[in-house]
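Participant: Chain by chain, the residues run as shown.
There are 2 protein chains.
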Amino acid sequence: MTQAAFLALDWGTTNLRAWTVDADGAPLAHREFPLGVSRLKPGEAAAIFRDTVRPALEAQRLPALITGMAGSNIGWKEVAYVDCPADAKALAARISLIDGEDPRVGIVPGLRGQGIGGPDVMRGEETQLIGWLAQDAARRQGTHLVCHPGTHAKWAVVTDGRIERFVTAMTGELFAVLTQHSVLKGAEGDADGPAFEQGLEAAGDGGALAARLFTARARVVGGGGLKPEEVRAYLSGLLIGADVATTPGLLGVKSDTPIALVGDGRLCAQYKRALDHAGVAAEVYDGEAAVLAGLHALFKEGALQ
Amino acid sequence: MTQAAFLALDWGTTNLRAWTVDADGAPLAHREFPLGVSRLKPGEAAAIFRDTVRPALEAQRLPALITGMAGSNIGWKEVAYVDCPADAKALAARISLIDGEDPRVGIVPGLRGQGIGGPDVMRGEETQLIGWLAQDAARRQGTHLVCHPGTHAKWAVVTDGRIERFVTAMTGELFAVLTQHSVLKGAEGDADGPAFEQGLEAAGDGGALAARLFTARARVVGGGGLKPEEVRAYLSGLLIGADVATTPGLLGVKSDTPIALVGDGRLCAQYKRALDHAGVAAEVYDGEAAVLAGLHALFKEGALQ
Chain A
1 MTQAAFLALD WGTTNLRAWT VDADGAPLAH REFPLGVSRL KPGEAAAIFR
51 DTVRPALEAQ RLPALITGMA GSNIGWKEVA YVDCPADAKA LAARISLIDG
101 EDPRVGIVPG LRGQGIGGPD VMRGEETQLI GWLAQDAARR QGTHLVCHPG
151 THAKWAVVTD GRIERFVTAM TGELFAVLTQ HSVLKGAEGD ADGPAFEQGL
201 EAAGDGGALA ARLFTARARV VGGGGLKPEE VRAYLSGLLI GADVATTPGL
251 LGVKSDTPIA LVGDGRLCAQ YKRALDHAGV AAEVYDGEAA VLAGLHALFK
301 EGALQ
Chain B
1 MTQAAFLALD WGTTNLRAWT VDADGAPLAH REFPLGVSRL KPGEAAAIFR
51 DTVRPALEAQ RLPALITGMA GSNIGWKEVA YVDCPADAKA LAARISLIDG
101 EDPRVGIVPG LRGQGIGGPD VMRGEETQLI GWLAQDAARR QGTHLVCHPG
151 THAKWAVVTD GRIERFVTAM TGELFAVLTQ HSVLKGAEGD ADGPAFEQGL
201 EAAGDGGALA ARLFTARARV VGGGGLKPEE VRAYLSGLLI GADVATTPGL
251 LGVKSDTPIA LVGDGRLCAQ YKRALDHAGV AAEVYDGEAA VLAGLHALFK
301 EGALQ
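Those sequence lines, one after another, are chains A and B.
Sequential numbering of the first sequence, starting at 1, is according to the numbering used here.
Sequential numbering of the second sequence, starting at 1, is according to the numbering used here.
Source of the hints: derived by calculation from the structure; they are not laboratory data.
Each hint should be verified, as a subset may be incorrect.
Any copy will do: because identical chains look the same in the list, a pair fits if it lies in one copy or spans two.
[Stated by the list, open to error] Straight-line distance between alpha carbons at most 25 angstroms, and here's what the computed DSS-like set of lysine-lysine pairs gives:
#: 1; residue 1: Lys41; residue 2: Lys185
#: 2; residue 1: Lys185; residue 2: Lys77
#: 3; residue 1: Lys272; residue 2: Lys41
#: 4; residue 1: Lys77; residue 2: Lys254
#: 5; residue 1: Lys41; residue 2: Lys300
#: 6; residue 1: Lys41; residue 2: Lys89
#: 7; residue 1: Lys272; residue 2: Lys89
#: 8; residue 1: Lys272; residue 2: Lys300
#: 9; residue 1: Lys300; residue 2: Lys254
#: 10; residue 1: Lys89; residue 2: Lys185
#: 11; residue 1: Lys77; residue 2: Lys89
#: 12; residue 1: Lys227; residue 2: Lys89
#: 13; residue 1: Lys300; residue 2: Lys77
#: 14; residue 1: Lys185; residue 2: Lys254
#: 15; residue 1: Lys254; residue 2: Lys272
#: 16; residue 1: Lys41; residue 2: Lys254
#: 17; residue 1: Lys254; residue 2: Lys227
#: 18; residue 1: Lys227; residue 2: Lys300
#: 19; residue 1: Lys185; residue 2: Lys227
#: 20; residue 1: Lys77; residue 2: Lys227
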């Protein structure tokens, strides 16, 4: 029977996912908890980890490596950002050990880069990027554009195995606040429905977004043929269409390889649909596999020994 | 003593403002009620008007003219949109009388135009545009660009006294939902503070808005020198800067005259600040005077006689 080598955690804002992992990076057991850092009381993280996560995975004696918002100022321990450009070695060298934990517990630092006229930041996505690079030696050569869709979509340029720079688009959060709190609430409806393509068309070149967004209202009340139950799909297409049309341009890079979409399967499929519509080649990669590969790559650098 | 000629109402989503007005359009008395149509029960508008508004202004025997969301499907009576291009005569001809009201009560129709790839709509702002045109004969000659800032900012092209076309940017609503419900909540702070100019800079050409918005977060947590209490001003500058940089371009018009900002004084001052920063000439006009002038111009067309 394969032996677990370490405990891997993706501890985000909303959820905590944990795996026991063998020395080759293969997951052995997996548990998910609705215990993201936004749901914890101050100081509660250590007890959650010891009394809930470790027992659930029978991992009392394993070193643990944690990525995500656990390293933020509302997490377990604030870990300073590493600056771009950064590779697996640079991130591993700055893993921060929690005082007094035995076996060792380390938190992966977030990453900071030069964004639009100022700093940009990520926590957790850097581990998926490192994992995606670790999965295939060909990805560690040349320049690639990688997109991690989500609440805060991250678009990153990686060159020769290093994360060079990145920019964040709050596409997912715009969708959430507009469909929950604005005049665009519309009705219940499938965000993947056929009106998604109408939204892609309405995105145009992605400019004048505040005006384009209002078309989701005007087409319902002004006789434009959009039904209230189609607004969610239309808005999803419009926001993702605007993201793929404008955000990569901020990075000023042309990649010879297809854009790599790494993350949640449903979100990646929506971005793929938008990129297909724009005639841009893209490939989808599983985000969970990437985070595990990233934690394994960082673990192998020896930070917990 | 001057005699009241009619009762003028601006009945919006949130508030109801009413004036008694003399035959020359001068206001005689004014009352404001927190009784916008979003706060009414279905069917309640008629009783509010008769039992609250008329008595408060001692206007039981005056004909009344109403503009705004009272003409929407959540108002008093749904009134069909008039299509662009439209002037005061065209709008007055389609004022809809309420059955059974004596003295007469009329509701001004909203306006529909061709927006971005589909219809765009307004209800209430058309009356301010008509009023702004009525205030000065010079405005009824040639082409002018008029902006009504607000929850849903309206940018309109008027030519020779007609409203030719317009486009809506949901700039104010984006500010509201992002500062109330998103990661950009930040802290309390004056939306007119000096960080407004930093936001104008961050708006750049207004493209890639979902990415530019995230800079309001990244500059706080990533060491970019933005304080949480400055986020509101920064975000206000960013959104208004992006609006003035991109929305007029959708209308495809160059006006020889300064952009006319018609509406709430504080909002108009913010837009003026953004246009000054962009080197674009603009002049500010009082929105309340414009709505009164508009209702007076429409009343004079004789729809209530």
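Participant: Each hint should be assessed against the structure and marked as holding or not.
Facilitator: Going down the list of hints, with the structure as the test:
Within a single copy, Lys41 and Lys185 get their C-alpha atoms only as close as 32 angstroms, which misses the 25 angstroms cut-off; across copies the closest is 20 angstroms, which meets it. Taking the shortest Cα distances, Lys185 and Lys77 sit within 25 angstroms of each other only across copies (23 angstroms), while inside one copy they are farther apart (37 angstroms). Taking the shortest alpha-carbon separations for Lys272 and Lys41, neither the intra-copy value of 38 angstroms nor the inter-copy value of 45 angstroms comes in at or below 25 angstroms. Within a single copy, Lys77 and Lys254 get their C-alpha atoms no closer than 38 angstroms, and across copies no closer than 55 angstroms, so neither meets the 25 angstroms cut-off.
Taking identical chains as interchangeable, the C-alpha atoms of Lys41 and Lys300 are never at most 25 angstroms apart, the minima being 32 angstroms within one chain and 65 angstroms between chains. Taking the closest pair of Cα atoms, Lys41 and Lys89 never come within 25 angstroms of each other, the shortest separation being 33 angstroms inside a single copy and 63 angstroms across copies. For the identical chains of this complex, Lys272 and Lys89 are neighbours neither inside a copy (31 angstroms) nor across copies (51 angstroms), given an alpha-carbon limit of 25 angstroms. In this homomeric assembly, Lys272 and Lys300 never come within 25 angstroms of each other (Cα to Cα): the closest approach is 32 angstroms inside a single copy and 57 angstroms across copies.
When the C-alpha separation of Lys300 and Lys254 is checked against a cutoff of 25 angstroms, the pair qualifies neither within a copy, at 32 angstroms, nor between copies, at 62 angstroms. Proximity of Lys89 to Lys185 under the C-alpha cut-off of 25 angstroms is found in neither arrangement, the shortest distances being 46 angstroms within a copy and 35 angstroms between copies. Only within a single protomer do Lys77 and Lys89 lie at most 25 angstroms apart by alpha-carbon distance; the minimum there is 21 angstroms, versus 68 angstroms between protomers. Taking the closest pair of Cα atoms, Lys227 and Lys89 never come within 25 angstroms of each other, the shortest separation being 52 angstroms inside a single copy and 33 angstroms across copies.
For a Cα distance limit of 25 angstroms, the shortest separation of Lys300 from Lys77 inside one copy, 22 angstroms, qualifies, whereas the shortest one across copies, 70 angstroms, does not. For the identical chains of this complex, Lys185 and Lys254 are neighbours neither inside a copy (37 angstroms) nor across copies (35 angstroms), given an alpha-carbon limit of 25 angstroms. In the homo-oligomer, the alpha carbons of Lys254 and Lys272 lie at most 25 angstroms apart inside one protomer (18 angstroms), although the nearest pairing across protomers, at 38 angstroms, exceeds that limit. Taking the shortest Cα distances, Lys41 and Lys254 never come within 25 angstroms of each other, neither inside one copy (45 angstroms) nor across copies (56 angstroms).
Proximity of Lys254 to Lys227 under the C-alpha cut-off of 25 angstroms is found in neither arrangement, the shortest distances being 38 angstroms within a copy and 35 angstroms between copies. In this assembly of identical chains, Lys227 and Lys300 lie within 25 angstroms of each other by CA distance neither inside one copy nor across copies; the values are 53 angstroms within and 39 angstroms between. Proximity of Lys185 to Lys227 under the C-alpha cut-off of 25 angstroms is restricted to the intra-copy arrangement: shortest distance 12 angstroms within a copy versus 31 angstroms between copies. In the homo-oligomer, the alpha carbons of Lys77 and Lys227 lie at most 25 angstroms apart only across protomers (22 angstroms), although the nearest pairing inside one protomer, at 47 angstroms, exceeds that limit.
In this structure, the earlier hints numbered 3, 4, 5, 6, 7, 8, 9, 10, 12, 14, 16, 17 and 18 are contradicted, and the remaining ones agree with it.
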